[in-house]
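Asks: Sequence:
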Amino acid sequence: MNMVLKEQMTNTAVPPSIPRITVTSSTDEETSKSHKTAEKIQVRLLTLEEKYRSYLLYQQIKAFEEKVYLSYDNFNVDMLLKMFREMARRCKGARDIYTLAGLRQALQVEIRKARMRQRNKKTDLPEKKPEEPDQVVQYFIWFFNNLKYLRDLRANFVDRVFNPLFKYFYEFGSTGPDRERSVDSAMSFSNISVNSVKTFDSHVTGLSSFSGWSQLGLSETGSQESDENIHTTRKKMLARAALLLLGREFRDIKNLYDSTEVEKISHRLSFLKEQLDFLIDNESQFSSEMFSQDSEKAVCHLKVKNSRTYSLMRLIPDILVKFQKAAWLAKRWLELDDMKTKDLNERLQKLAALEGQFSKRLSALSKNIQDHESQLERGTRELQNLLKREDRTSDLELKVHDFKGKISKLETDMQTLNEEKIKLVKDIEGTKKTNVSGHTNLLTMYERNKLQRYAIERQIAAIKFQENIALKDMEVETEVKPNIMHFTNDVQDRCEELERALEQEKREKNTLQAALYPISKDKEFIAEKLREKQMHIAEERGQVVAKYVGSSNKPEVIAQYVGSSHRPDVSFRSLPDDNGHALNGSLSSRSILHQPFTSRLPPNYLIEGRDSSMQTSPLSDW
1 MNMVLKEQMT
11 NTAVPPSIPR
21 ITVTSSTDEE
31 TSKSHKTAEK
41 IQVRLLTLEE
51 KYRSYLLYQQ
61 IKAFEEKVYL
71 SYDNFNVDML
81 LKMFREMARR
91 CKGARDIYTL
101 AGLRQALQVE
111 IRKARMRQRN
121 KKTDLPEKKP
131 EEPDQVVQYF
141 IWFFNNLKYL
151 RDLRANFVDR
161 VFNPLFKYFY
171 EFGSTGPDRE
181 RSVDSAMSFS
191 NISVNSVKTF
201 DSHVTGLSSF
211 SGWSQLGLSE
221 TGSQESDENI
231 HTTRKKMLAR
241 AALLLLGREF
251 RDIKNLYDST
261 EVEKISHRLS
271 FLKEQLDFLI
281 DNESQFSSEM
291 FSQDSEKAVC
301 HLKVKNSRTY
311 SLMRLIPDIL
321 VKFQKAAWLA
331 KRWLELDDMK
341 TKDLNERLQK
351 LAALEGQFSK
361 RLSALSKNIQ
371 DHESQLERGT
381 RELQNLLKRE
391 DRTSDLELKV
401 HDFKGKISKL
411 ETDMQTLNEE
421 KIKLVKDIEG
431 TKKTNVSGHT
441 NLLTMYERNK
451 LQRYAIERQI
461 AAIKFQENIA
471 LKDMEVETEV
481 KPNIMHFTND
491 VQDRCEELER
501 ALEQEKREKN
511 TLQAALYPIS
521 KDKEFIAEKL
531 REKQMHIAEE
541 RGQVVAKYVG
551 SSNKPEVIAQ
561 YVGSSHRPDV
571 SFRSLPDDNG
581 HALNGSLSSR
591 SILHQPFTSR
601 LPPNYLIEGR
611 DSSMQTSPLS
621 DW
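Residue 13 in full-length UniProt numbering sits at position 13 of the sequence shown, and the numbers go up by one each step.
It is worth saying that the hints were derived from the structure and are not from the lab.
One thing to keep in mind: the hints can contain errors.
Label pairs and their computed distance ranges (CB to CB) [what the hints assert, rightly or not]:
1) R507 to V77: 21 to 27 Å
2) D490 to N368: 47 to 53 Å
3) M535 to Y72: 52 to 58 Å
4) E503 to K360: 20 to 26 Å
Please read these numbers as outputs of a predicted model, since none were measured by experiment.
Glycine residues also receive a C-beta, built at the ideal position from the N, C-alpha and C atoms.
All chains, please: the whole structure from these sequences, using the hints.
Replies: Written as structure tokens, this is what we have:
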């Protein structure tokens, strides 16, 4: 539809203009310019030092909020209800207009009717006044153009705020939100090679990739990870858990590594974006369950009984409320990021202090573990001896019982021998005169029986003696057993306490070791970066000295800019330099190239589009 909406309308029944929106037939060109501007913002974020990044996004959020406030001012829900009822009266229930798709179809029908009336109008009656424009049609044309504007506003927010937040201000990890859900899959980096991203990866983050601070990490092998990568990932997860656990005790750890609040904000922002996508993109249906509670204030005064009409009236206010919440969450995200230590020297000092504290704690823990292990070993031996002493009563009872069994068996054998003795005595008396040889044999058997009885008597006496000793020992053990049991319990409690202390100390030692590894790596990494930076500054100073020796300190003048009338001017407002000071004035593109890398493009440059080579449509520049 080739038309330009007017900025102001005199008739109060006619809707207000959409802020800085141009409706043209070439939507692809406008989208292309918007994506180019978003890519420039990504390049700017990539090249900026970490401490200056949030300033650029603050400016983008501020511009986004201004457009949201203008949309609030231009939208009147009472006017929408009035025009909707008029449209419903014209349709007379012929179609469902309680959705955006149905309302759009009804608008197309009314536009066709207006065109038919225009064709059938007599052109040979000049004295007849021209027909006034249909206010209902005009309003809903504006309404759907405004809806398109909100979609473009949403797309700009995703490209310029949402995606950069997840790309440069979020540590992707196992507990983070799904990348496919949170970051627009259509985000491209066509002008930036993978190698350049990897080059800036370590430069812009200030911490090694192991610690999780490398926010631009790209997988070289895709979805297939080697065993080494899996081991590294597991090690990073353990280190992260250890750092978060120690963050309660060490405040600097929370400042350097804790991203729990950022993860919560990222989850809320991702969920809010999903709701916005569903409400804005699905014209055939929308669920009132997705409406925010705050949006009800804008429509609570309407006297509407139909719930579908009420939901339709609430749609645009709810989208604007969600825009406001998204901007607030984005700013809160940046505020949390600003709390982190951005200066490399200060970060290095904090890491060195943490490393010293951890090393000292590890030494103390190692000594305590060694002492407690020695105490536990001695206590274990003592406990084993006490347990054996405690079981001695039972052993003595078993011995006494065994002795009694042996005595009983020997007494039985003795009784058998006594019976044999009585029989032998009778036989000896009977054969004494009649059978001399038989008598002699019986005497021999009697002597043998006598010896056997004597041996058994000796055995019984010895076993009874042992039994008496065991009984006396058992009496003693029974008397001291309560004291032994009490002392055993004390020793056992002491050993268990030592075991718990050892377990706690070993767990704390493992936690400190897991946390110390990334801290040491990050310390080495930052120290190396600072050395490289100092070497780079020294090289630049050497080049400048070599360049100006003998030239009276006069810089070179490029001939092509002499008398040039097409030199682009770039206005710098409140642009911070490397020392944090503001730069004011107008600089040419030539002088931009001599500025430090962080000052070549000001944060407001991409918003205002001062350079003709970067000029975009009004919507793509917010």
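Asks: Each hint should be assessed against the structure and marked as holding or not.
Replies: Here is what the structure says about each hint:
About 59 Å separates the C-beta atoms of R507 and V77, a value inconsistent with the hinted range of 21 to 27 Å. For the pair D490 and N368, the supplied restraint of 47 to 53 Å is violated, since their beta-carbon distance comes to about 22 Å. For the hinted restraint 52 to 58 Å between M535 and Y72, the CB-CB distance of approximately 53 Å keeps it satisfied. At roughly 22 Å, the beta carbons of E503 and K360 sit within the given window of 20 to 26 Å.
Hints 1 and 2 from the list above are not met by this structure, while the remaining hints are.
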